[in-house]
Amino acid sequence: MRVPSRSPGQQPGSPVSPTAPARRRPSGATPRRVPTPEPDLAAYRTAVAELLVEVGALADASSTRARQVLIDERLREPALADVLDATPQGLIGARETLLLEMARYQPNDRTSARDLTALVRIYLLSRIDVLWWQDAPTFLTDDQVNGSAELVDLEWLRRRDLLGFRYQEQPATMLGRAARGLRRRLRPDLTPRTAGLLFRRARREVVALLNDIAREFAAAAPPATPPLWVTSLVRSAEHQYRLRRLGYAAMLPSGHCLGYSVDVELAWFERFGARDTLAEVLLNRQRAGELNVIDEGQAWHLCLAPTARRRLRRAYEAEMGV
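Taking our numbering, the leading residue of the sequence shown gets 1, the next gets one more, and so forth.
Hints should not be assumed to be uniformly reliable.
[Unchecked claim] Here are the in silico distance ranges between beta carbons for each label pair:
id, residue 1, residue 2, range
1, Met320, Ala86, 33 to 39 Å
2, Ala43, Tyr248, 26 to 32 Å
3, Arg114, Glu319, 34 to 40 Å
4, Arg159, Asp72, 35 to 41 Å
These are calculated hints, taken from the structure and not from any lab test. From a predicted model like this one, the values you see are computed outputs, not experimental measurements. Glycine residues also receive a C-beta, built at the ideal position from the N, C-alpha and C atoms.
Build out the structure end to end from the sequences listed, making use of the hints.
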């Protein structure tokens, strides 16, 4: 199947005369560095949305080659290429990784990528996280997460009533898992259906962000709506690989492994009439340039923008009295 290109192609231009005199820089002058413009993230998100429509039209197994041609052509368009080329992998690396993720994709009950279209959306939008935080160090191992002075213990804060959001930890024992399963059978809608946090640790700026979102959500949501619920925070790259082996759409590199990404529950709030309210709160913050937001179905992925980091660090220190 042949996919027509939307690219205008090379445009003819005026030839340069080989006899035209070259402009010389004065001796000893230092060339001015022209600042590289920031990629247009609004245009990137729009281009991703348009690409997803085309990927969805080529969803059947017989269209594998056509999907490859489509991805190859569209990713070269400026709105997409400008962002991908600014990431550490560059445009070619991002393209090859996406095609490999698509070739390996197997739908299952665990992954947030319910189909190939969702996989492409999650991968491409998560590249904004990587673009923003490409100079941040990665938490490579579980021990690095547990021992990092850059992260604070959520349980310590929760016991002092300093958190406006809720979470649950993953059960550490067989008995704990059995008790969790029993509660779900007896009261299936009491809490979101999520495995819980393996690491109950977070960056200070992320705690301030989640507290801020929780306050805004509580003020806008219908009465008796439960507080914001967080399903995932910082992860090690070691854990990210474990999730991939289990079938989750755990992308690499990931903002989770840098400590600046979180996942928050959306679907559970539908029963309280508050899902759309929370979605609008998050999307408004994306429009304001504070977040990158990815719709992953049951939960939405959020990544803090570097421009908001300093303000939120000050907010954390003011809230905690440090």
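Hint-by-hint comparison with the structure:
no.: 1; hint: Met320 <-> Ala86: 33 to 39 Å; result: 35 Å, holds
no.: 2; hint: Ala43 <-> Tyr248: 26 to 32 Å; result: 30 Å, holds
no.: 3; hint: Arg114 <-> Glu319: 34 to 40 Å; result: 37 Å, holds
no.: 4; hint: Arg159 <-> Asp72: 35 to 41 Å; result: 53 Å, violated
Violation of the numbered hints given earlier is confined to hint 4; every other hint is satisfied by the structure.
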